[in-house]
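Chemist: In order, the protein sequences belong to chains R and E. Under the numbering used here, the first sequence has 173 at position 173, and the numbering climbs by one with no breaks. Under the numbering used here, the second sequence has 349 at position 72, and the numbering climbs by one with no breaks.
Calculated from the structure, these hints are not laboratory results. The C-beta atom is built at its ideal place from N, Cα and C for all residues, glycine as well. Possibly wrong hints are sitting among the right ones.
[As the list claims (entries may be wrong)] With a cut-off of at most 30 Å between alpha-carbon atoms, the simulated BS3-like pairs for lysine-lysine come out as follows:
1) R:K22 / R:K67
2) R:K22 / R:K117
3) E:K420 / E:K453
4) R:K219 / E:K453
5) E:K420 / E:K454
6) E:K364 / R:K219
[What the hints assert, rightly or not] If the Cβ cut is set under 7 Å, some of the chain R residues that face chain E in the computed set are:
7) I76
8) V79
9) R80
10) D83
11) Y87
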Amino acid sequence: MSTPFYVSPQQAMADRAEYARKGIARGRSLVVLQYADGIVFVGENPSRALHKFSEIYDRIGFAAAGKYNEYENLRIGGVRYADLRGYTYDRDDVTARGLANVYAQTLGTIFSSAAEKPYEVELVVAEVGETPEGDQIYRLPHDGSIVDEHGSVAVGGNAEQISGYLDQRHRDGMTLAQALKLAVQALSRDTNGSEREIPAERLEVAVLDRTRPQQRKFKRIVGQQLARLLEAEGASQEPAGEGPQGAGSEASSDGPDAPGSGGSKDEGASGPDDPGA
Amino acid sequence: MDFLSAHQPEMLPANRALPVVQGALEVPHGTTIVGVTYPGGVVLAGDRRATMGNVIAQRDVEKVFPADEYSAVAMAGVAGLGIEMVKLFQLELEHFEKVEGTTLSLEGKANRLSTMIRSNLSMAMQGLAVVPIFAGWDVDRGKGRIFTYDVTGGRSEEHGFAATGSGSVYARGAMKKLYRDDLTEEQVTTLVVQALYDAADDDSATGGPDMARRIFPLIAVIGEDGFRRLSEAESSEIARSVLERRLEQPDGPRAALL
Numbered sequence: 001m002s003t004p005f006y007v008s009p010q011q012a013m014a015d016r017a018e019y020a021r022k023g024i025a026r027g028r029s030l031v032v033l034q035y036a037d038g039i040v041f042v043g044e045n046p047s048r049a050l051h052k053f054s055e056i057y058d059r060i061g062f063a064a065a066g067k068y069n070e071y072e073n074l075r076i077g078g079v080r081y082a083d084l085r086g087y088t089y090d091r092d093d094v095t096a097r098g099l100a101n102v103y104a105q106t107l108g109t110i111f112s113s114a115a116e117k118p119y120e121v122e123l124v125v126a127e128v129g130e131t132p133e134g135d136q137i138y139r140l141p142h143d144g145s146i147v148d149e150h151g152s153v154a155v156g157g158n159a160e161q162i163s164g165y166l167d168q169r170h171r172d173g174m175t176l177a178q179a180l181k182l183a184v185q186a187l188s189r190d191t192n193g194s195e196r197e198i199p200a201e202r203l204e205v206a207v208l209d210r211t212r213p214q215q216r217k218f219k220r221i222v223g224q225q226l227a228r229l230l231e232a233e234g235a236s237q238e239p240a241g242e243g244p245q246g247a248g249s250e251a252s253s254d255g256p257d258a259p260g261s262g263g264s265k266d267e268g269a270s271g272p273d274d275p276g277a
Numbered sequence: 278m279d280f281l282s283a284h285q286p287e288m289l290p291a292n293r294a295l296p297v298v299q300g301a302l303e304v305p306h307g308t309t310i311v312g313v314t315y316p317g318g319v320v321l322a323g324d325r326r327a328t329m330g331n332v333i334a335q336r337d338v339e340k341v342f343p344a345d346e347y348s349a350v351a352m353a354g355v356a357g358l359g360i361e362m363v364k365l366f367q368l369e370l371e372h373f374e375k376v377e378g379t380t381l382s383l384e385g386k387a388n389r390l391s392t393m394i395r396s397n398l399s400m401a402m403q404g405l406a407v408v409p410i411f412a413g414w415d416v417d418r419g420k421g422r423i424f425t426y427d428v429t430g431g432r433s434e435e436h437g438f439a440a441t442g443s444g445s446v447y448a449r450g451a452m453k454k455l456y457r458d459d460l461t462e463e464q465v466t467t468l469v470v471q472a473l474y475d476a477a478d479d480d481s482a483t484g485g486p487d488m489a490r491r492i493f494p495l496i497a498v499i500g501e502d503g504f505r506r507l508s509e510a511e512s513s514e515i516a517r518s519v520l521e522r523r524l525e526q527p528d529g530p531r532a533a534l535l
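Could you build the full structure based on these sequences and the hints that come with them?
Modeler: Shown next as structure tokens:
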């Protein structure tokens with residue numbers, strides 16, 4: 001029954017960070033990858049109504065891992081921000097950078113405000129450009145920092161291991177089917193290194209497709225179309241897929257170790273040794 | 278819209294300070310709009326003229342807009358306010374769709390537009406009226422529907438065809454004689470051009486097809502596949518064939534007497 005009168009700011013922040021990270025780690029991971037014609041969002045989501053991915057504006061998509069009510073709140077805030085901006089000025093004046101800044105401010109304020117509990121969310125804001133060079137992907141961790149990502153990004157519980165896996169295999173100019181296959185492979189790797197099957201109906205897939213004729217580039221891929229894409233790559237990409245996968249199992253096992261030691265101790269806990277995961 | 282009115286109410290068209298009116302206010306007015314349903318959906322078309330009193334303010338104004346993927350709105354009346362209203366309407370439909378994850382029903386969209394027109398009533402009383410037609414594909418019922426409005430926001434669903442704007446009387450007369458309920462998309466697009474031609478024939482504020490400048494009526498088709506605006510090549514083709522027939526019969530196709 002001892003109430004501490006003084007908690008050092010370092011300790012307070014570390015506690016809050018750990019709280020947020022643990023909350024995020026409970027959810028399933030999701031990945032965002034660039035491919036030749038745009039950006040693809042892939043995640044495991046048993047619900048069809050509660051989405052992890054969403055359209056924010058013409059070229060901007062949103063992905064979130066963590067607590068649903070908290071990221072839904074942020075998502076609606078983002079849609080409002082974007083729509084108001086686009087109405088006041090012009091549709092071209094809504095950018096992912098601006099949106100990411102607003103999110104960073106919001107998350108940062110909530111994280112450091114003693115009155116509120118930190119949000120247990122990690123966001124990705126992506127904008128598809130006219131060309132692959134124009135694509136922008138921002139990752140926003142729970143504390144309000146912004147990370148400018150290229151190629152591929154993973155957020156959620158097992159993020160470091162998955163992004164290590166993706167970093168080694170992701171290439172520029174992949175087709176949608178190839179990128180989707182890689183994403184599913186990355187997501188099906190469990191924390192202990194074993195693989196499990198994710199059925200198509202548990203996958204949530206969406207794209208920002210720069211070739212789409214409409215102004216709004218965001219599109220969900222569901223049902224028949226998703227099944228076709230998953231099958232198409234199974235047939236044509238099998239030999240190409242085998243190679244990196246075989247070589248990858250080794251590399252990815254030291255993947256989480258290297259950043260884990262330099263990064264947070266929390267990631268270590270959700271790593272291969274954690275029996276609870 | 279709710280968010281906008283809470284945070285920046287001055288952005289809403291209805292909340293702007295009214296001008297002090299000294300005589301009639303000369304602003305560009307959009308003129309004739311027509312809409313026709315057919316078994317595969319609905320067609321919405323408008324002429325390209327905007328007038329300011331006796332002056333032609335613009336020859337190639339656009340008065341037919343997509344509201345969302347399955348609906349379109351076309352407006353007659355004060356062009357500036359109308360275009361602003363359409364912009365806000367489009368925004369609201371898109372905003373609802375993104376926040377709720379589902380689209381409004383066609384009735385819901387039509388009601389929403391009704392409220393927006395009503396909020397413009399004080400402006401309408403000063404002569405700045407906006408009168409749109411809303412048309413769309415009803416995904417639930419699987420058919421095209423048309424809604425017309427009056428300046429007070431009164432909404433009524435039209436079966437078959439509808440017209441609004443200064444040339445609407447003539448356009449409606451033409452459509453009354455030409456409309457049948459089993460027309461194809463191709464026939465309906467011809468029908469709306471015929472109706473607009475008749476409106477332009479008798480109403481000085483409505484513009485006919487302008488071959489010299491290559492300005493043709495704007496035609497939008499909304500069906501099961503969503504909104505599609507006819508390309509310039511397509512609408513010029515229709516306008517050309519209508520015009521060619523009119524060279525022989527200036528009053529257009531003749532209906533049977535009995």
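Chemist: With reference to the structure, classify each hint as holding or not holding.
Modeler: Results of checking the hints against the structure:
Taking the CA atoms of K22 (chain R) and K67 (chain R), the gap is about 11 Å. The hint holds against a cut of 30 Å. For the hint pairing K22 (chain R) with K117 (chain R), the CA-to-CA distance comes to about 13 Å; that is within 30 Å, so the pair holds. Distance check on the hinted pair: K420 (chain E) and K453 (chain E) sit about 21 Å apart at the alpha-carbon level, within 30 Å; holds. For the hint pairing K219 (chain R) with K453 (chain E), the CA-to-CA distance comes to about 42 Å; that exceeds 30 Å, so the pair is violated.
Between K420 (chain E) and K454 (chain E) the CA atoms are separated by roughly 23 Å; this keeps the pair inside 30 Å, and the hint holds. Distance check on the hinted pair: K364 (chain E) and K219 (chain R) sit about 23 Å apart at the alpha-carbon level, within 30 Å; holds. The beta carbon of I76 (chain R) comes within 6 Å of a beta carbon in chain E, closer than 7 Å, and the hint placing it at the interface holds. Taking 7 Å as the C-beta contact cut-off toward chain E, the hint placing V79 (chain R) at the interface holds, the least distance being around 5 Å.
At its closest, the beta carbon of R80 (chain R) sits 5 Å from a beta carbon of chain E; the interface hint therefore holds under the 7 Å criterion. The criterion of a C-beta within 7 Å of any C-beta in chain E is met by D83 (chain R), whose closest approach is roughly 5 Å, and the hint holds. Because the smallest distance between the Cβ of Y87 (chain R) and any Cβ of chain E comes to about 5 Å, under 7 Å, the interface hint for this residue holds.
Of the numbered hints stated above, the single one contradicted by the structure is hint 4.
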